[in-house]
Structures are given as structure tokens and as C-alpha cells.
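Chain by chain, the residues run as shown.
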Amino acid sequence: MPSPPRVSLTLNGQPVVRDCPAERILLDFLREDLNLTGTKRGCDLGTCGCCTVLLDGRPTLSCLTLAHAVHGKEVTTIEGVSPPQGLNPVQKAFVEHGATQCGFCTPGFVLSAVALLKERPNPSEEEVVRAISGNLCRCTGYTKIVEAILAVPQESRP
Amino acid sequence: MTSADPRAGSLRLLGGRIPYIEGPLKVTGRAEYTDDIKRPGQLVGRLLRSTWAHARIRSIDVEAARKVPGVVAVLTGDKYPTPFGVLPITHDETALAVGKTRYIGDIVAAVAAQDELSAERGIAAIRLEMESLPEYNDPRVGLEKVSEPIHARGLQGTNIQKEVVQHFGDVDAAFAQAPVKVRVRGSFAGVTHAFTEPMCTVAEATPDGRLTVWSATQVPHYLHRALSEVLGLPMHRIRVIKPEVGGGFGGKSDPLPHEIVCAALALETGRPVKILMDREDVFYTNHGRHPTSNDVRVALDAEGKILAYDIEALIDGGAWSSFGTVTTYYNGVMAMGPYRIPNFRYRGRRVYTNRPPSGAMRAHGGTNIRYSVEVALDEAAEALGMDPFRLRELNALPPNSLTVNQFRITSTSFLACLKVVRERSGWEAKWKKLPYGKGVGLGCGFYISGSNSPIHFTPKMPQCTVHLKVDMDGGIAVHCMQADIGQGSNTLLAAIVSEVVGVPLDRVHVVRVDSDVSPVDIGSYSSRVTFMMGNAAKQAAEAMRDELLAAASLRLGEPVDRLRVALERIEVAEHPELGVSYLEALHLAMEKKGALVFSGSYSSQPMGGTFKGARAGTAPAYSFAAYVAQVEVDPETGEYRAENVWAAFDCGRPLNRLAVEGQIEGSIHMGLGQMMGETMNYLGSRLMNPALLDYKIPMPQQMPKIECILVGADDPEGPFGGKEAGEGPLVATLPAVANALYDAVGVRFYSVPVTPDKVVRGIEDRRRTGRVHKGD
Numbered sequence: 001m002p003s004p005p006r007v008s009l010t011l012n013g014q015p016v017v018r019d020c021p022a023e024r025i026l027l028d029f030l031r032e033d034l035n036l037t038g039t040k041r042g043c044d045l046g047t048c049g050c051c052t053v054l055l056d057g058r059p060t061l062s063c064l065t066l067a068h069a070v071h072g073k074e075v076t077t078i079e080g081v082s083p084p085q086g087l088n089p090v091q092k093a094f095v096e097h098g099a100t101q102c103g104f105c106t107p108g109f110v111l112s113a114v115a116l117l118k119e120r121p122n123p124s125e126e127e128v129v130r131a132i133s134g135n136l137c138r139c140t141g142y143t144k145i146v147e148a149i150l151a152v153p154q155e156s157r158p
Numbered sequence: 001m002t003s004a005d006p007r008a009g010s011l012r013l014l015g016g017r018i019p020y021i022e023g024p025l026k027v028t029g030r031a032e033y034t035d036d037i038k039r040p041g042q043l044v045g046r047l048l049r050s051t052w053a054h055a056r057i058r059s060i061d062v063e064a065a066r067k068v069p070g071v072v073a074v075l076t077g078d079k080y081p082t083p084f085g086v087l088p089i090t091h092d093e094t095a096l097a098v099g100k101t102r103y104i105g106d107i108v109a110a111v112a113a114q115d116e117l118s119a120e121r122g123i124a125a126i127r128l129e130m131e132s133l134p135e136y137n138d139p140r141v142g143l144e145k146v147s148e149p150i151h152a153r154g155l156q157g158t159n160i161q162k163e164v165v166q167h168f169g170d171v172d173a174a175f176a177q178a179p180v181k182v183r184v185r186g187s188f189a190g191v192t193h194a195f196t197e198p199m200c201t202v203a204e205a206t207p208d209g210r211l212t213v214w215s216a217t218q219v220p221h222y223l224h225r226a227l228s229e230v231l232g233l234p235m236h237r238i239r240v241i242k243p244e245v246g247g248g249f250g251g252k253s254d255p256l257p258h259e260i261v262c263a264a265l266a267l268e269t270g271r272p273v274k275i276l277m278d279r280e281d282v283f284y285t286n287h288g289r290h291p292t293s294n295d296v297r298v299a300l301d302a303e304g305k306i307l308a309y310d311i312e313a314l315i316d317g318g319a320w321s322s323f324g325t326v327t328t329y330y331n332g333v334m335a336m337g338p339y340r341i342p343n344f345r346y347r348g349r350r351v352y353t354n355r356p357p358s359g360a361m362r363a364h365g366g367t368n369i370r371y372s373v374e375v376a377l378d379e380a381a382e383a384l385g386m387d388p389f390r391l392r393e394l395n396a397l398p399p400n401s402l403t404v405n406q407f408r409i410t411s412t413s414f415l416a417c418l419k420v421v422r423e424r425s426g427w428e429a430k431w432k433k434l435p436y437g438k439g440v441g442l443g444c445g446f447y448i449s450g451s452n453s454p455i456h457f458t459p460k461m462p463q464c465t466v467h468l469k470v471d472m473d474g475g476i477a478v479h480c481m482q483a484d485i486g487q488g489s490n491t492l493l494a495a496i497v498s499e500v501v502g503v504p505l506d507r508v509h510v511v512r513v514d515s516d517v518s519p520v521d522i523g524s525y526s527s528r529v530t531f532m533m534g535n536a537a538k539q540a541a542e543a544m545r546d547e548l549l550a551a552a553s554l555r556l557g558e559p560v561d562r563l564r565v566a567l568e569r570i571e572v573a574e575h576p577e578l579g580v581s582y583l584e585a586l587h588l589a590m591e592k593k594g595a596l597v598f599s600g601s602y603s604s605q606p607m608g609g610t611f612k613g614a615r616a617g618t619a620p621a622y623s624f625a626a627y628v629a630q631v632e633v634d635p636e637t638g639e640y641r642a643e644n645v646w647a648a649f650d651c652g653r654p655l656n657r658l659a660v661e662g663q664i665e666g667s668i669h670m671g672l673g674q675m676m677g678e679t680m681n682y683l684g685s686r687l688m689n690p691a692l693l694d695y696k697i698p699m700p701q702q703m704p705k706i707e708c709i710l711v712g713a714d715d716p717e718g719p720f721g722g723k724e725a726g727e728g729p730l731v732a733t734l735p736a737v738a739n740a741l742y743d744a745v746g747v748r749f750y751s752v753p754v755t756p757d758k759v760v761r762g763i764e765d766r767r768r769t770g771r772v773h774k775g776d
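First to last, the sequence lines map onto chains S and L.
Residues 1 to 158 (our numbering) make up the first sequence, in order.
Residues 1 to 776 (our numbering) make up the second sequence, in order.
The hints are simulated quantities; they were obtained by calculation from the structure and are not laboratory data.
Check before you lean on any hint, since a few could be wrong.
[Stated by the list, open to error] Covered stretches of chain L (in silico footprint by chain S; criterion: 3 or more residues with CB under 8 Å from a CB of chain S, positions within the stretch not fixed):
id: 1; segment: 136-149
id: 2; segment: 484-497
[Unchecked claim] Each pair of labels, with its calculated beta carbon distance range:
id: 3; chain 1: L; residue 1: Ala566; chain 2: S; residue 2: Gln154; range: 35 to 45 Å
id: 4; chain 1: S; residue 1: Gly72; chain 2: L; residue 2: Arg512; range: 38 to 48 Å
id: 5; chain 1: L; residue 1: Gln605; chain 2: S; residue 2: Glu127; range: 52 to 62 Å
id: 6; chain 1: S; residue 1: Pro121; chain 2: L; residue 2: Ala566; range: 42 to 52 Å
id: 7; chain 1: L; residue 1: Arg140; chain 2: S; residue 2: Asp56; range: 49 to 59 Å
id: 8; chain 1: L; residue 1: Ala595; chain 2: S; residue 2: Glu127; range: 28 to 38 Å
id: 9; chain 1: S; residue 1: Arg130; chain 2: L; residue 2: Ser751; range: 50 to 60 Å
id: 10; chain 1: S; residue 1: Pro83; chain 2: L; residue 2: Arg185; range: 26 to 36 Å
id: 11; chain 1: L; residue 1: Arg39; chain 2: S; residue 2: Ser3; range: 40 to 50 Å
id: 12; chain 1: L; residue 1: Arg140; chain 2: S; residue 2: Pro5; range: 57 to 67 Å
id: 13; chain 1: L; residue 1: Glu131; chain 2: S; residue 2: Arg130; range: 28 to 38 Å
id: 14; chain 1: L; residue 1: Gly232; chain 2: S; residue 2: Gly46; range: 36 to 46 Å
id: 15; chain 1: L; residue 1: Arg39; chain 2: S; residue 2: Gly13; range: 25 to 35 Å
Yeah, the Cβ is synthetic: ideal placement off N, Cα and C, and Gly gets one too.
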């Protein structure tokens with residue numbers, strides 16, 4: 001049997017080189033091979049957004065992405081936006097505003113919000129709503145998530 | 001919001017906005033859910049689900065499956081045939097199908113293997129020989145004798161799982177003299193919880209004869225019992241751990257077959273096993289809200305006083321009983337509030353069908369009946385030429401009263417809800433006054449704050465116990481089996497202890513639910529946690545506080561009643577400069593008592609009548625609600641949106657405003673989903689949309705602006721005056737929108753969900769006939 005092909009990428013700012021079967025999904029690669037369990041598996045079909053990661057800065061569904069499709073690219077997971085101590089400003093706003101209840105969808109929402117604020121530091125409410133429309137939440141009715149993103153202090157936006 | 005209660009000012013934390021204590025773990029992806037657990041040597045468990053709705057199992061050949069490389073164990077139903085179920089009176093489920101399958105998705109066999117691929121190859125190698133049986137997909141058919149009842153326990157050869165007949169007062173006499181009668185025949189599609197975390201279980205049997213099960217469950221204690229019963233192991237040899245749970249809404253409250261199968265595979269193999277459901281599995285597992293049709297007749301006098309309700313409900317239970325006996329009662333008795341109903345008759349029947357089981361879903365049993373009742377009252381108000389608010393005010397249940405079926409109503413702020421929501425929504429200026437296509441509607445709510453009656457033991461035994469373990473540095477570890485599933489019960493537990501003992505929140509640590517160390521609480525269902533856990537936590541914390549006060553009293557030479565608890569300090573009330581620190585008091589108490597461990601518990605007092613079924617719906621308190629929705633309808637396409645919901649809610653004193661608002665906002669989301677489109681769409685017995693792409697929950701764009709208005713007066717028995725806010729906030733949502741649609745386009749809708757095609761049909765019919773349209 002030929003050895004599995006190799007994938008190399010920048011993951012959360014660090015180079016990663018791994019053997020990985022061609023059919024491996026990025027979500028499995030992250031969760032199972034690299035133990036990065038902050039990326040959540042909600043549907044495996046690209047419908048819930050729980051597995052959102054940033055691929056070259058853009059929110060991407062890791063359950064619909066082959067691990068080899070990120071070869072040579074930059075992937076950021078929730079672990080990559082979390083400081084070693086404390087929280088980043090988006091995370092802090094989520095906690096303060098009660099934007100996380102069961103928390104299973106939360107890493108995906110945080111990453112969608114981080115990507116939005118990087119591109120649009122002063123988003124309107126509609127822009128926030130559009131930016132999170134690929135993420136489903138069954139607990140909050142989205143109300144406090146939108147509130148939290150709009151409340152991230154200007155000066156601390158990514 | 002300000003509270004009129006004088007005690008409010010004396011509370012440091014409770015009553016404010018308390019961010020969830022596990023928030024930092026969740027926003028960083030560090031919270032541990034069941035699927036994040038990986039045990040050394042862990043095997044992959046896979047399930048073979050039936051593709052037959054109703055079929056006899058002639059044979060299951062697993063020989064080839066056992067030989068698949070990597071397959072370690074194969075399991076079929078004959079090994080663990082003991083029936084179980086969440087209610088002890090209706091044990092009609094088995095971990096794997098025994099003898100026959102009852103719905104598409106029924107688990108027939110299971111495999112544990114080294115890896116996913118081997119597990120799937122193992123599943124594919126299982127050969128089934130099945131014999132089709134007649135399928136029953138219409139509950140009406142199952143009311144009569146059938147050739148092949150789905151369960152032997154169906155009433156007299158039918159598929160009726162439960163029939164409830166209740167009559168209080170004299171309904172026929174009331175109707176005979178009533179000048180105003182209205183009737184609503186509602187039909188409701190099934191809906192499901194659609195939590196984001198698929199069910200997952202990890203089980204591990206160890207050589208010391210013990211079994212550990214990690215599972216995404218709302219009710220660890222019932223899982224514990226079911227595992228013990230089916231596997232034949234005493235409970236003390238089973239350890240149940242609840243990691244973080246990614247939403248439940250009732251869908252993780254039954255002990256589920258895959259949890260038992262996973263444990264059985266662990267016992268068979270001596271290795272850890274994980275079973276993770278995919279989203280399709282989750283849909284087939286269902287246990288969502290029952291497809292229901294109801295027939296509600298209301299009699300009123302000429303002034304608008306309700307004289308009687310006459311209600312029938314036909315409930316499609318799916319393949320198992322689950323919570324169905326409770327469901328059958330609730331579809332009637334949840335109509336007992338928020339109004340005084342002097343005469344009441346109800347007949348409810350829940351019928352097995354060959355569809356995935358229905359069960360408990362947020363506002364269980366209360367949602368569909370509330371819709372029909374609230375729409376009927378809107379029609380009655382119109383018939384009487386009354387403002388719908390006036391009709392409801394006139395009929396409100398007073399505080400400290402008994403309903404005709406002997407529900408004990410203590411606190412109710414329903415009238416305050418009506419008053420404030422009328423003002424905030426601008427009802428006066430909007431109702432019947434907005435342009436065509438826009439409208440406002442009122443819907444009201446009533447729900448139990450915890451079931452008085454525990455399922456497995458007498459109400460005298462504690463339904464919740466809380467233990468506090470106090471460390472020498474003053475840290476307090478709180479142990480309790482209450483299940484935080486995202487609603488914030490851990491936070492409330494910690495906040496109550498912190499409040500009473502007078503320590504900052506970060507001194508209190510809520511220990512993860514683990515049956516080896518957590519005393520029994522019967523879990524997150526029936527909106528019981530705030531009330532029951534809250535009281536138990538308060539009692540435990542007061543025991544600790546009293547010990548600290550006694551120690552401080554000795555040191556200060558002042559009697560206890562002259563002392564007071566301040567933050568990290570006990571001081572003389574009239575001379576606050578005299579006092580001892582929290583730690584000093586704690587260490588004195590330790591010198592005096594030795595080990596410091598404190599406990600509190602909650603047991604419900606006896607309540608309810610003595611007739612059959614009298615306990616169903618009895619609760620130590622009830623929540624009340626009055627919502628106004630404002631909608632905008634596009635009459636061409638039938639599309640509509642709720643633009644605003646003003647939600648006035650009585651949860652007693654809101655103990656954590658952030659959490660209460662979160663529950664209301666989330667409930668409105670779920671209620672709007674059921675109202676506007678969510679449907680478990682069946683073709684015969686086959687679920688056609690087992691995916692979140694086809695079963696659509698509302699997107700952020702579809703959410704209205706929500707104003708949460710919390711007006712509850714303190715409940716006399718609730719902890720710090722609090723009562724439930726987890727389920728009650730859902731029920732008023734649907735009828736508020738329905739009544740707003742009527743105000744907007746003059747069409748009544750009786751078939752939920754109210755989808756755009758129904759709206760267009762209603763509008764066209766109304767235009768054609770010129771009459772008020774009665775809709776679908």
C-alpha cells in the first residue's frame with residue numbers, strides 16, 4: 001500500500017506537516033488526528049456551522065473541506081484565537097452578554113465574529129446578522145450573540 | 001427593572017446579570033463534551049438501524065460480521081431484552097429490537113470495532129431476515145382494533161397507549177346555558193429539538209467490576225437507573241458522568257437505547273466504546289413534540305367569563321411510550337391556567353404509530369393546547385366585541401387559589417404581565433388600527449415550575465440534594481446531580497451558595513456531575529431545577545452560614561441574632577467595625593466541629609386531588625406569561641415575519657436576569673420555528689427530512705426584536721422568590737403570532753406550522769368569499 005500523502009499547513013500560526021489519507025476531512029484531521037477538540041461536529045453536512053474554522057482568514061466549514069485542500073494554507077481554529085491566559089475581546093463579550101448557553105455552537109460563532117470584525121471593524125447590525133447566518137444556534141435565538149458582537153469594544157477589535 | 005420587593009436590595013448577586021460560570025470554557029472551545037473524550041484503547045460503536053417500519057425479525061445472522069477484521073463485538077437484542085422506559089409504568093422499549101422493529105430507525109444490532117471503517121464493514125455484513133407487518137401511521141386508525149398492534153400493551157388490541165378522561169363540574173350544563181360558544185380544531189405537525197450537539201456516549205468497563213458511562217444526558221439519574229435495570233448491574237457499580245451537554249430541550253431526557261447499547265458493548269469487550277450519532281441518527285431518535293390534533297370548545301357568559309372548556313386531543317406517540325402518559329394528561333390539564341375554568345372536560349388519547357417516538361420537548365404537552373385555547377379566546381373576544389386583554393383580565397386566576405382540578409396556585413403576576421405588555425407594545429394604538437398586512441396579537445402562557453411528583457419515588461424523598469465540601473482555604477465545592485444543559489443551572493447553584501455564605505462567586509466551584517460523588521437530583525426536565533435545586537442549595541448554604549455564625553458568635557461574644565453576613569466577613573450588625581473574617585470564622589468552625597460538610601435537600605409537599613391522574617400537572621408553583629407579537633405579512637407571497645415580540649413573564653423573582661432573558665429569547669426562537677415552518681415531514685412511516693438543511697430552524701434574519709419584561713412578584717416557596725423560566729416562555733409565542741396574523745389579514749389559522757402557502761390560500765379565500773376566513 002502506498003504511504004498516505006503528506007499535508008503541510010500553517011495551523012494557528014505554527015507549521016504542521018502530517019501524513020494524512022486523501023479522503024480525510026479537515027474536521028477529523030483537527031479533532032481526531034491533532035486533538036483540537038474546540039472545533040465541533042454538529043451535522044457533518046455543512047448545515048450547522050459548529051465546525052467553522054478560518055481558512056486564510058475566511059470562515060470555512062471544516063466538515064466539507066478535505067484536509068488536503070488546506071495544503072499550503074493557513075488554518076485558524078478556536079484554539080488559535082484564544083490567548084494563553086484570559087479571553088480575546090470577542091470571547092469576553094460573548095461571556096459578558098450571555099451569548100453562549102450550551103456552548104456547542106459557540107466556537108463557530110466566535111470565529112465568524114472574529115473574521116467579520118477583522119474585515120469590517122464597525123459592522124452594522126445587518127452585517128453582523130449576515131456574518132453569522134452560516135451558524136445555527138438553538139439556545140439563544142441569536143439575540144445575545146448579535147448584542148455581544150456589536151458590543152466588542154472598538155479599540156480592541158482584531 | 002426594579003423590583004418592589006424589599007429584600008431585593010439586600011441581595012448581592014441574585015437578581016442581577018450573572019454571566020455563566022463556564023462561559024470562558026465554552027468561548028475558547030475548552031469545555032469538554034462527550035465526543036471530546038477519548039479513552040485509551042477506545043473502540044468505535046456503530047448501530048444497525050431498521051429500514052423497516054414494522055416488521056418481525058425472523059433472523060439476524062452476525063457470523064460474517066464477527067469475522068470482519070477489526071470487529072471486536074457484535075450485539076443483538078436477545079442479550080439484553082429487559083424492557084425499560086423513562087416512566088416505570090410504561091416500560092416498552094428495549095436497547096435493541098427484540099422480536100420486531102417498530103419504526104424506521106429502530107436499533108437492530110450494534111458493532112464495536114477498532115476503527116470506523118471496520119465498524120461500518122461489520123454493520124454491512126449483518127444479514128437480516130424480516131417479515132413485513134402492517135404499518136400504522138395514522139393515529140386515527142390505531143383507535144380501533146388492529147390486526148397487529150404495535151405493542152401488546154395497547155388498549156384492547158388497539159394502538160392506544162394511553163387514554164385520559166377527566167370531568168370536573170358539569171360541562172354540558174354550562175354549554176347549555178352559555179350565550180357564547182367558540183370552537184377551534186387545531187392540528188400540529190411534529191417538531192423536534194434540533195440541539196446542536198448530537199447524542200454521544202462513551203462507556204468503559206473496568207476489571208474492578210465497575211462500569212463508567214459518560215453521556216450527553218439531561219437526566220443522569222434516570223440513565224443510571226435504566227443502565228442498572230437493563231444490564232443487571234447494581235447502581236453502585238455504575239458511575240454516570242455528565243460532561244457539558246450541547247443542548248437538550250427534552251431530547252436528552254429519556255434514557256436512550258444507544259446509551260445502554262454503548263455500555264453493553266463496553267461490558268462485552270472490556271474496552272472503552274464510544275457511540276456518536278450522526279445528524280440523521282438524531283432525527284430518527286427524535287422524542288420531539290407530538291403530532292397532535294385537538295378540538296377545543298369554550299363556553300362563555302355574556303360578560304366574557306369563561307364557563308367551561310371541553311377538550312379532546314389525539315396524539316401521535318410514535319413507536320414507544322416515552323413520557324407519553326404525562327403528555328396525554330398535559331394536553332388537557334395545561335389548559336387549567338392562567339384563567340379560572342369552572343367546568344372542565346377532557347378526553348385525550350395517545351396512540352402508537354410506526355414512526356420515531358415522540359417524547360418531551362420544551363413546554364411539553366403545553367404548547368399545542370395553548371395555541372388552540374388562546375386562538376379560541378381571541379375569537380370569543382371578537383364575538384363579544386371585547387378587547388382580548390379585557391377578556392383575559394376578567395378570567396385571570398387569582399393568587400392563592402385552587403383550580404377546579406385542585407392545582408394549587410400560589411403566586412401569580414399574570415395581571416401585571418397583561419398590564420405591562422399592553423403598555424409596552426402600544427396595543428391601544430395598534431390593535432385593529434394598523435394597515436392591512438400588519439397586525440398585533442396577544443397570547444398568554446401558563447406552565448409548571450417543576451413537577452410535584454418525582455417519577456421513581458415518593459414525593460417525600462428528596463428530589464434534589466446538594467452537598468457542600470468546604471476546604472481549609474475557604475473554597476467551596478458544590479456537589480449535585482442537577483444537569484446544566486446550557487440553561488445556566490451551574491451558575492445559579494454557585495450564585496446561591498455565594499450569596500448565602502457571603503463569598504465571591506469564584507470561591508465556589510460546581511463539581512461536574514458524577515454519580516460517584518453527586519447526590520441525586522432528578523435532572524433537567526419539567527422546569528424543576530431553579531425551584532428545587534435552588535431550595536436545596538439555599539438550605540445547604542444556610543447550614544454552612546449558621547455554622548460560621550455560631551463560630552463567630554463565640555469569638556465575638558455576641559449572640560447570633562446580632563450578627564450579619566457581609567462579603568467575606570461576619571460582623572455585628574449594629575457595630576460593623578466589630579467582626580471576624582470569613583476565613584477566621586471558618587477555621588474556628590473547623591476547630592469546633594472537625595469535618596465541615598453541609599447538605600440541603602428539597603422535597604415537595606403533598607398536593608393535588610385524590611382522583612386518578614390527579615398528580616399530573618401539580619407543581620409547587622406555576623409561571624405565567626402575556627406576549628404581544630407584531631407581524632408583517634406579504635399578502636402576495638404569504639411570507640410573514642414577526643417584527644417584535646413583547647414578552648411579559650412571571651418567573652417570580654428573576655434570579656439571574658441574563659439567564660432568564662436567554663431562556664425567553666431562545667423559547668421565542670423555538671416557538672417561532674414551530675409556528676412558521678418546522679415540520680417532521682413524513683411520507684407514511686418514513687421521515688423525509690432528517691437533516692438540518694431540510695428541517696429548518698429560524699435563522700438570525702428571522703428573529704424579531706424581543707423585549708423581555710420581567711414582572712413576577714416573589715413566589716412564597718421559590719428560592720429567593722424565584723420560579724421557572726425554561727419552558728413557560730415558549731407557549732405564548734405561537735398564539736401571539738397567530739392572533740397577530742388575524743389582525744393583519746383577517747384569517748384564522750388552525751394548522752401549525754402556518755406556512756406561506758396556507759397564508760396565501762387563506763387570504764385568497766377571504767377575498768373570494770368576503771367572509772372572515774377560518775383558514776387551515
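Hint-by-hint comparison with the structure:
no., hint, verdict
1, 136-149, "violated (count 0)"
2, 484-497, "holds (count 4)"
3, L/Ala566 / S/Gln154: 35 to 45 Å, "holds (38 Å)"
4, S/Gly72 / L/Arg512: 38 to 48 Å, "holds (41 Å)"
5, L/Gln605 / S/Glu127: 52 to 62 Å, "holds (54 Å)"
6, S/Pro121 / L/Ala566: 42 to 52 Å, "holds (44 Å)"
7, L/Arg140 / S/Asp56: 49 to 59 Å, "holds (57 Å)"
8, L/Ala595 / S/Glu127: 28 to 38 Å, "violated (58 Å)"
9, S/Arg130 / L/Ser751: 50 to 60 Å, "violated (32 Å)"
10, S/Pro83 / L/Arg185: 26 to 36 Å, "violated (58 Å)"
11, L/Arg39 / S/Ser3: 40 to 50 Å, "violated (29 Å)"
12, L/Arg140 / S/Pro5: 57 to 67 Å, "holds (59 Å)"
13, L/Glu131 / S/Arg130: 28 to 38 Å, "violated (53 Å)"
14, L/Gly232 / S/Gly46: 36 to 46 Å, "holds (43 Å)"
15, L/Arg39 / S/Gly13: 25 to 35 Å, "holds (30 Å)"
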